[in-house]
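Student: Chain by chain, the residues:
There are 2 protein chains.
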Amino acid sequence: MENTFIPYHKALSILSAHKGDFVIEARDLEDCIGSYLAEDLIADRDFPPFDRVTMDGIAISYAAFETGQRDFTIEAIAAAGSPQKTLKDSSNCIEVMTGAIMPLGVDTVIRYEDLNVHDKQASINIDAINHKQNVHFKGLDIPKGAIIVRKGKRLSSAEINIAAAIGKARLNVRRLPSVVIFSTGDELVQVDQVPQLHQIRRSNIYGIQATLKEWGLQAQLKHLADDKAEMLQVISKALEEFDLFIFTGGVSKGKFDYLPDVLEELNIKKHFHKIQQRPGKPFWFGTNSNGKKIFALPGNPVSSFVCTYIYLRYWLQHSLGLEQRPLYVALKNDVEFKPDLIYFLEATLESLPDGSLVANAIKGNGSGDFANLVKTDGFLILPQNKSQFFANEVYPFVSYRSIW
Amino acid sequence: MENTFIPYHKALSILSAHKGDFVIEARDLEDCIGSYLAEDLIADRDFPPFDRVTMDGIAISYAAFETGQRDFTIEAIAAAGSPQKTLKDSSNCIEVMTGAIMPLGVDTVIRYEDLNVHDKQASINIDAINHKQNVHFKGLDIPKGAIIVRKGKRLSSAEINIAAAIGKARLNVRRLPSVVIFSTGDELVQVDQVPQLHQIRRSNIYGIQATLKEWGLQAQLKHLADDKAEMLQVISKALEEFDLFIFTGGVSKGKFDYLPDVLEELNIKKHFHKIQQRPGKPFWFGTNSNGKKIFALPGNPVSSFVCTYIYLRYWLQHSLGLEQRPLYVALKNDVEFKPDLIYFLEATLESLPDGSLVANAIKGNGSGDFANLVKTDGFLILPQNKSQFFANEVYPFVSYRSIW
Numbered sequence: 126m127e128n129t130f131i132p133y134h135k136a137l138s139i140l141s142a143h144k145g146d147f148v149i150e151a152r153d154l155e156d157c158i159g160s161y162l163a164e165d166l167i168a169d170r171d172f173p174p175f176d177r178v179t180m181d182g183i184a185i186s187y188a189a190f191e192t193g194q195r196d197f198t199i200e201a202i203a204a205a206g207s208p209q210k211t212l213k214d215s216s217n218c219i220e221v222m223t224g225a226i227m228p229l230g231v232d233t234v235i236r237y238e239d240l241n242v243h244d245k246q247a248s249i250n251i252d253a254i255n256h257k258q259n260v261h262f263k264g265l266d267i268p269k270g271a272i273i274v275r276k277g278k279r280l281s282s283a284e285i286n287i288a289a290a291i292g293k294a295r296l297n298v299r300r301l302p303s304v305v306i307f308s309t310g311d312e313l314v315q316v317d318q319v320p321q322l323h324q325i326r327r328s329n330i331y332g333i334q335a336t337l338k339e340w341g342l343q344a345q346l347k348h349l350a351d352d353k354a355e356m357l358q359v360i361s362k363a364l365e366e367f368d369l370f371i372f373t374g375g376v377s378k379g380k381f382d383y384l385p386d387v388l389e390e391l392n393i394k395k396h397f398h399k400i401q402q403r404p405g406k407p408f409w410f411g412t413n414s415n416g417k418k419i420f421a422l423p424g425n426p427v428s429s430f431v432c433t434y435i436y437l438r439y440w441l442q443h444s445l446g447l448e449q450r451p452l453y454v455a456l457k458n459d460v461e462f463k464p465d466l467i468y469f470l471e472a473t474l475e476s477l478p479d480g481s482l483v484a485n486a487i488k489g490n491g492s493g494d495f496a497n498l499v500k501t502d503g504f505l506i507l508p509q510n511k512s513q514f515f516a517n518e519v520y521p522f523v524s525y526r527s528i529w
Numbered sequence: 126m127e128n129t130f131i132p133y134h135k136a137l138s139i140l141s142a143h144k145g146d147f148v149i150e151a152r153d154l155e156d157c158i159g160s161y162l163a164e165d166l167i168a169d170r171d172f173p174p175f176d177r178v179t180m181d182g183i184a185i186s187y188a189a190f191e192t193g194q195r196d197f198t199i200e201a202i203a204a205a206g207s208p209q210k211t212l213k214d215s216s217n218c219i220e221v222m223t224g225a226i227m228p229l230g231v232d233t234v235i236r237y238e239d240l241n242v243h244d245k246q247a248s249i250n251i252d253a254i255n256h257k258q259n260v261h262f263k264g265l266d267i268p269k270g271a272i273i274v275r276k277g278k279r280l281s282s283a284e285i286n287i288a289a290a291i292g293k294a295r296l297n298v299r300r301l302p303s304v305v306i307f308s309t310g311d312e313l314v315q316v317d318q319v320p321q322l323h324q325i326r327r328s329n330i331y332g333i334q335a336t337l338k339e340w341g342l343q344a345q346l347k348h349l350a351d352d353k354a355e356m357l358q359v360i361s362k363a364l365e366e367f368d369l370f371i372f373t374g375g376v377s378k379g380k381f382d383y384l385p386d387v388l389e390e391l392n393i394k395k396h397f398h399k400i401q402q403r404p405g406k407p408f409w410f411g412t413n414s415n416g417k418k419i420f421a422l423p424g425n426p427v428s429s430f431v432c433t434y435i436y437l438r439y440w441l442q443h444s445l446g447l448e449q450r451p452l453y454v455a456l457k458n459d460v461e462f463k464p465d466l467i468y469f470l471e472a473t474l475e476s477l478p479d480g481s482l483v484a485n486a487i488k489g490n491g492s493g494d495f496a497n498l499v500k501t502d503g504f505l506i507l508p509q510n511k512s513q514f515f516a517n518e519v520y521p522f523v524s525y526r527s528i529w
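Line order of the protein sequences matches chains A and B. For the first sequence, my numbering gives the first residue as 126, with consecutive numbering after it. For the second sequence, my numbering gives the first residue as 126, with consecutive numbering after it.
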């Protein structure tokens with residue numbers, strides 16, 4: 126039996142061989158934060174588009190300053206948003222505002238703080254200035270035609286800002302799959318019900334739904350009773366409606382864990398069932414010929430949480446072609462874990478004043494202990510073939526909470 | 126003039142003296158991810174609520190095993206979600222499923238992997254078991270009445286999971302202020318317009334709107350022309366409609382920067398204007414007697430970005446009473462910055478295999494260079510009274526991108 130358990134890295138490689146294929150859709154820019162960009166963002170003009178004044182003050186010809194001239198008659202005002210002005214008399218100046226186009230005939234800006242201005246006269250009250258100072262030259266940041274952001278990136282507010290600047294009122298982004306999350310098991314009752322002693326509430330599916338929402342996916346919640354005929358009927362119908370299926374519970378070895386049988390009867394090909402890990406060992410993954418992806422997670426709260434953050438996230442990131450940036454964290458405490466399994470260990474994350482990150486591992490009371498999830502920030506990934514883990518050793522960390 | 130510039134820490138302390146007061150509202154649990162919790166989450170029962178089976182297998186009396194008995198007749202099956210069973214004959218066993226209530230008369234669970242089961246007979250095929258193994262005892266994780274999550278926390282999926290488990294179909298959360306973001310300046314055109322040479326698109330407000338959305342705030346976007354009478358009228362009307370006001374541009378020393386005058390004419394008390402920092406020096410903050418908060422940010426893209434991430438975020442976190450967790454990062458490169466100002470320096474963030482975090486500072490071409498924002502992950506906060514910053518020195522970091 127044990128030899129059908131696959132190692133962690135094998136599970137990841139199977140998932141990446143079954144990437145989702147997400148179509149492209151245009152979306153209003155105001156709705157794009159957190160979306161996954163499906164086009165390159167290209168500069169439609171030079172940035173800045175003209176030699177741009179960066180301080181309020183006056184613009185002069187540096188040659189005049191070099192001759193010793195310090196007093197200048199103000200010929201005109203160049204405001205931001207106005208067409209380009211021209212200096213008529215090269216011994217005069219033009220008053221300039223931040224954001225304005227540098228007038229023709231001037232090359233250097235002196236800020237108000239270094240001037241005395243009275244009526245139409247400006248006197249420079251410092252001894253040294255630099256040629257071409259306080260001007261942000263055309264095309265210096267980005268030349269027209271340059272790719273500013275490559276497709277495949279998750280959009281943060283910096284990218285939204287850039288998209289607006291290059292005239293993108295709508296953006297091509299990936300349409301994420303429609304998701305249904307099924308709870309299974311007759312011991313579960315609705316959240317607003319008072320459970321009897323032998324019952325618990327359907328809670329995991331809410332946690333998974335919230336996680337997916339943070340990743341940009343909308344998921345519906347449904348329930349399956351421990352009744353094989355009903356399961357067949359309900360899942361069969363859902364296969365026509367949704368792209369991505371998540372089940373919690375029903376994949377262990379229990380008498381009433383019909384789910385793997387039901388899925389195979391519905392022509393869903395099993396790619397693996399059970400991984401050499403704790404928690405989350407009974408995780409089941411399959412697909413069908415219509416490209417539906419089925420993640421059947423264990424029913425324990427911590428197990429379903431781990432499988433969501435480790436495997437569903439991995440699958441989503443690979444499907445989207447997102448850049449992977451690993452996070453390495455030093456263990457704060459010694460940890461022992463004897464089974465020859467990969468171990469996803471809950472831990473808090475702390476940034477120390479020396480610039481290091483440390484994880485305080487908190488073991489909790491096993492995979493049923495969801496209270497431990499609210500005390501911690503993520504999972505350390507402790508490797509197989511090792512049972513002693515010591516303080517200051519560094520391991521990868523997967524965070525499930527945005528801290529900073 | 127310079128003496129009215131206030132230092133960074135003074136600006137923060139003024140902001141925390143003008144916290145927002147956000148009312149409490151109930152929200153459906155499915156809409157609560159990322160909301161700010163306004164009630165304690167309290168266990169409505171013991172977790173687990175009963176002695177819970179954690180492996181599929183059989184439950185026996187350990188005393189029988191101690192006498193040397195290895196073969197047990199299966200008397201009954203205890204499924205998850207069924208009322209508690211009772212073992213009638215203490216030399217028999219009950220087949221138990223994960224999640225089931227431990228039957229009366231048994232105290233130890235042996236998993237299928239350590240059994241041979243045939244018809245109604247189970248034989249234990251290992252030599253040693255532990256008394257009370259594979260049982261998760263009542264109340265071990267959280268006793269009834271315990272506070273599991275304290276109010277004031279931002280809700281991640283772990284808290285949503287817990288809330289569902291304790292029966293909270295709705296949660297009390299903070300209702301965040303209604304926000305309007307005004308762009309100012311006649312040089313600005315709509316995103317979908319093709320600007321003339323002297324014009325640029327209204328881009329900053331989209332970046333700020335996206336940032337606020339990530340923090341849970343909904344913001345409307347509006348524009349103000351450089352016309353004092355119109356500004357007075359439009360802002361006056363908006364003061365009846367919104368709680369929080371953000372302006373970009375119009376607060377420098379330019380001839381057309383009417384905004385500070387307009388705000389004071391509308392009885393908005395100025396608390397500061399200009400901070401000893403770069404970028405973002407001309408930042409203006411005020412309030413009125415109706416509790417409205419006004420953040421008038423500089424118009425340059427990087428400046429408005431910095432002021433949003435440093436000051437608006439600080440104000441929001443303090444208003445919500447959120448726990449502050451600093452992030453310390455080591456400089457990767459030497460940096461020089463001569464002005465006696467605090468310096469918010471754009472940098473990428475990298476996690477190294479030794480568990481340290483390093484920031485690669487990327488100077489860009491000043492506060493107009495928004496292309497630099499998409500290349501970087503956040504700002505290092507480099508202190509005043511210092512002009513040389515060396516590799517390996519550690520400074521606080523504010524991230525504007527979720528990386529891990």
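Accuracy of the hints is not assured; some may be wrong.
What the hints assert, rightly or not - Keeping only pairs whose Cα atoms sit at most 20 Å apart, straight-line, the calculated EDC-like set for lysine to aspartate or glutamate is: (1) B/K278 with A/D153; (2) B/K463 with A/D252; (3) A/K278 with B/E339; (4) A/K463 with B/E448; (5) B/K500 with A/E339; (6) B/K278 with A/E475; (7) A/K347 with B/D156; (8) B/K338 with A/E339; (9) B/K347 with A/E155; (10) A/K457 with B/D479; (11) A/K338 with B/D479; (12) A/K347 with B/E339; (13) B/K463 with A/E238; (14) B/K399 with A/D239; (15) A/K338 with B/E339; (16) A/K269 with B/D156; (17) A/K399 with B/E339; (18) A/K144 with A/E475; (19) B/K500 with A/D153; (20) B/K463 with A/D239; (21) A/K338 with B/D317; (22) B/K347 with A/E339; (23) A/K338 with B/D156; (24) A/K347 with B/D317; (25) B/K500 with A/E475; (26) A/K500 with B/D479; (27) A/K399 with B/D239; (28) A/K263 with A/D153; (29) B/K399 with A/E339.
Hints are computed from structural coordinates only; laboratory data are not their basis. As the structure is a prediction and not an experimental result, all values here were calculated from the model.
Student: Hint by hint, note whether the structure agrees.
Tutor: Hint check results:
1. Taking the CA atoms of B/K278 and A/D153, the gap is near 31 Å; set against the 20 Å cutoff, the hint is violated.
2. The suggested pairing of B/K463 with A/D252 holds, with an alpha-carbon distance near 19 Å, which does not exceed 20 Å.
3. Distance restraint check for A/K278 and B/E339: the Cα-Cα separation of roughly 17 Å lies within the 20 Å cut-off, and the hinted pair is therefore satisfied.
4. Restraint check for A/K463 and B/E448: not satisfied, since their Cα atoms lie roughly 36 Å apart, outside the 20 Å limit.
5. A distance of roughly 23 Å separates the Cα atoms of B/K500 and A/E339; the hinted pair therefore is violated under the 20 Å criterion.
6. Between the alpha carbons of B/K278 and A/E475 the distance comes to roughly 17 Å, so the proposed pair stays at or under 20 Å and holds.
7. Under the criterion of a C-alpha separation no larger than 20 Å, the hint pairing A/K347 with B/D156 is consistent with the structure, at around 17 Å.
8. Our distance criterion of 20 Å between C-alpha atoms is met by B/K338 and A/E339, whose separation comes to about 12 Å.
9. In summary, the hint linking B/K347 to A/E155 is supported, as the alpha carbons are separated by about 13 Å, within the 20 Å threshold.
10. Between A/K457 and B/D479, the direct Cα distance comes to roughly 13 Å. Compliance with the 20 Å bound is thereby established for this hinted pair.
11. Annotation: proposed proximity of A/K338 to B/D479 is violated, straight-line Cα distance about 33 Å (limit 20 Å).
12. Note on A/K347 and B/E339: the hinted pairing is violated, with a Cα-Cα distance of about 28 Å set against a maximum of 20 Å.
13. The hinted pair formed by B/K463 and A/E238 meets the criterion: a straight-line CA distance of about 18 Å does not exceed 20 Å.
14. Of the pairs offered as hints, the one joining B/K399 and A/D239 holds, with about 18 Å between alpha carbons and a cut-off of 20 Å not exceeded.
15. Distance hint between A/K338 and B/E339 is fulfilled; the C-alpha atoms sit about 12 Å from each other, no more than 20 Å.
16. Distance check on the hinted pair: A/K269 and B/D156 sit about 42 Å apart at the alpha-carbon level, beyond 20 Å; violated.
17. Distance restraint check for A/K399 and B/E339: the Cα-Cα separation of roughly 36 Å exceeds the 20 Å cut-off, and the hinted pair is therefore not satisfied.
18. A distance of roughly 34 Å separates the Cα atoms of A/K144 and A/E475; the hinted pair therefore is violated under the 20 Å criterion.
19. Only pairs whose Cα atoms come within 20 Å are accepted, and B/K500 paired with A/D153 is rejected, the gap being roughly 23 Å.
20. This hinted pair checks out: B/K463 and A/D239 have alpha carbons roughly 18 Å apart, not beyond 20 Å.
21. The suggested pairing of A/K338 with B/D317 is violated, with an alpha-carbon distance near 29 Å, which exceeds 20 Å.
22. A hinted pair counts as satisfied when its Cα atoms are at most 20 Å apart, and B/K347 with A/E339 does not qualify at roughly 28 Å.
23. Note on A/K338 and B/D156: the hinted pairing holds, with a Cα-Cα distance of about 9 Å set against a maximum of 20 Å.
24. Between A/K347 and B/D317 the CA atoms are separated by roughly 42 Å; this puts the pair beyond 20 Å, and the hint is violated.
25. This hinted pair does not check out: B/K500 and A/E475 have alpha carbons roughly 26 Å apart, beyond 20 Å.
26. Between A/K500 and B/D479 the CA atoms are separated by roughly 25 Å; this puts the pair beyond 20 Å, and the hint is violated.
27. As the CA atoms of A/K399 and B/D239 are separated by approximately 17 Å, the hinted pair is consistent with the 20 Å bound.
28. About 29 Å separates the Cα atoms of A/K263 and A/D153, which puts this hinted pair outside 20 Å; it is violated.
29. For the hint pairing B/K399 with A/E339, the CA-to-CA distance comes to about 36 Å; that exceeds 20 Å, so the pair is violated.
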